[in-house]
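Colleague: One letter stands for each residue in the lines below.
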Amino acid sequence: MTAPPTLGMGFALAEPARGGRVEFQAVRKAYAGRTVLDDLSFSVKAGEKLAVIGPSGSGKTTILRLLATLDRPDGGEILVDGESLWNEQRGEQRVPASEKHLHHMREKIGMVFQLFNLFPNMTVIDNITLAPVLTKRMKRDEAVERGRGFLLNVGLADKEHAWPDTLSGGQKQRVAIARALALEPQIMLFDEITSALDPELVEEVLNVIQSISRDRAMTMILVTHEMGFARDFADRVIFMDGGAVVEEGPPDAIFGRPSQERTRTFLKKIIAAGYDLSGPIA
Amino acid sequence: MSAHSWTEYLGLMAQGGIVTVELTLASLAVGTAAASIAGLARISNRAAVRAASRIYIEFFRGSSAFVQLFAAYYLLPFAGIYLSAFACAVLVLGLNIGAYGAENVRSAVLSVRRDQYEACTVLNLTRWQALRRVILPQALPVLTPLFGNNAVELLKATSIVSLITIGDLTFQAQLVRFQTGDTIGPFAVILTVYFVLALAIGAGTRALTRLSRRASVTVTR
Chain A
156 MTAPPTLGMG FALAEPARGG RVEFQAVRKA YAGRTVLDDL SFSVKAGEKL AVIGPSGSGK
216 TTILRLLATL DRPDGGEILV DGESLWNEQR GEQRVPASEK HLHHMREKIG MVFQLFNLFP
276 NMTVIDNITL APVLTKRMKR DEAVERGRGF LLNVGLADKE HAWPDTLSGG QKQRVAIARA
336 LALEPQIMLF DEITSALDPE LVEEVLNVIQ SISRDRAMTM ILVTHEMGFA RDFADRVIFM
396 DGGAVVEEGP PDAIFGRPSQ ERTRTFLKKI IAAGYDLSGP IA
Chain B
913 MSAHSWTEYL GLMAQGGIVT VELTLASLAV GTAAASIAGL ARISNRAAVR AASRIYIEFF
973 RGSSAFVQLF AAYYLLPFAG IYLSAFACAV LVLGLNIGAY GAENVRSAVL SVRRDQYEAC
1033 TVLNLTRWQA LRRVILPQAL PVLTPLFGNN AVELLKATSI VSLITIGDLT FQAQLVRFQT
1093 GDTIGPFAVI LTVYFVLALA IGAGTRALTR LSRRASVTVT R
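In order, the protein sequence lines correspond to chains A and B. Per the working numbering, the very first residue in the first sequence carries number 156; after that it's consecutive. Per the working numbering, the very first residue in the second sequence carries number 913; after that it's consecutive.
No lab work stands behind these hints: they were computed from the structure. Every residue, glycine too, gets a C-beta built ideally from N, C-alpha and C. There's no promise every hint is true.
Claimed, not checked - From the derived model, a few chain B residues whose C-beta atoms are all more than 12 Å from chain A: (1) GLN927; (2) ILE955; (3) ASN957; (4) ALA959; (5) TYR986; (6) ALA999; (7) PRO1049; (8) LEU1087; (9) ALA1112; (10) ARG1122.
What the hints assert, rightly or not - Sample of chain B residues facing chain A (criterion: CB under 10 Å; computed from the structure): (11) SER996; (12) PHE998; (13) ALA1031; (14) THR1033; (15) VAL1034; (16) LEU1035; (17) ASN1036; (18) LEU1037; (19) ARG1039; (20) GLN1050.
If we strip away everything but chain A, and leave its shape as in the complex, we get (with noise of 0.2 Å):
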């Protein structure tokens, strides 16, 4: 692989992705008899920063956790690259994915959670090693020397061998998004990852994530609340109610001159909530 290309003052152009498409077509989902989403079609391009706004109940964790195969949908299409995330050919016939085929899909997405779910059981470096260790025959030694340059762009050099239930929430986050990114996924999901943390503590984390979305190529979808950093972060924005897309586009005009309705009146909610739509994250 070559190096990328710098502009010379020591930061780096991101690569061009390499893939990371992700295509929704017509798909169903339903927990225990309610609809979360109702035939439901979107598209990411390879490279991508998306995020997706709504109120609560519309879908959008869904999403991801469908994309992550948390979650099986129950009708319809998810293509990533083109290939099929939940259904496999075997032969003549259309099957549903076995284990084999996700967990080669799986390779693509990384997710990062609500509640971050790090393993209380091991050290901040150890959260990190375990996969690539497990699932790509990493040399132990090798995976450690790349955690700690994923520490490092997380900005927790010094925690490397920390307990997780010693670290601040913000912290923590920060140890969960090194964790997804050392497995190089191409797709990354973010799930309301502020959502749990002190106010005081979700900018450190927020621009852990815009640092991230410079440097790399990957594609990034992020659901969140914090409608101020989705406006900075994302190329485009999709609004979401009743398990639908209302509303979709460059966030000037989401956020700017909403077409919809519906889009007007959660962004007035949101505002009268206290939340700020205007800016960067200051």
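Dock chain B against the given chain A, drawing on the hints supplied.
Modeller: Frame of chain A, contents of chain B only:
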């Protein structure tokens, strides 16, 4: 009344005590293996594996250990299977306690929060890798106190083996009783011995629990 005092038989009862300890430890080994296998099988994603485990558990929990012991000792030979009395006892007691332990293993594994499983899925670990490196280390500290309970139950249950001619603590006490006509003496002794053994198991379990808390963080290496 016999001329002999029951205290002359203390050596005999000590022998019985050793048999009881041996029996408990051997059955515990069988039981632990059975509980681990059946407990994990209970949460397998294969229906046949789950069903097999269920049948084992229900059978051993749902019938009397006493009857199982008789069946193993007196009926298995008709099926061409000849086991020593000790082997029969270890098998029956072990499988019995294993059936209870299996439910403990299952509930301990399920006590680990769902988000841990989800993190494993997203990190693309196999089910087995997730279980071994993430789930079991966290389930272990939950499991060890339950394991201790079962071990004490097992210790007490060993007394039924006296019925198939094994010279355990209870068997020897009965023997002394028949020889000397004294009931209170020998039974007071074995009551104390069982109690002390149970205390020892309790102490062992607490040590094991402390250890498992520490092991749960190092076992992942």
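Colleague: Provide an ascending list of the numbers of those earlier hints which the structure does not satisfy.
Modeller: 3, 7, 11, 12
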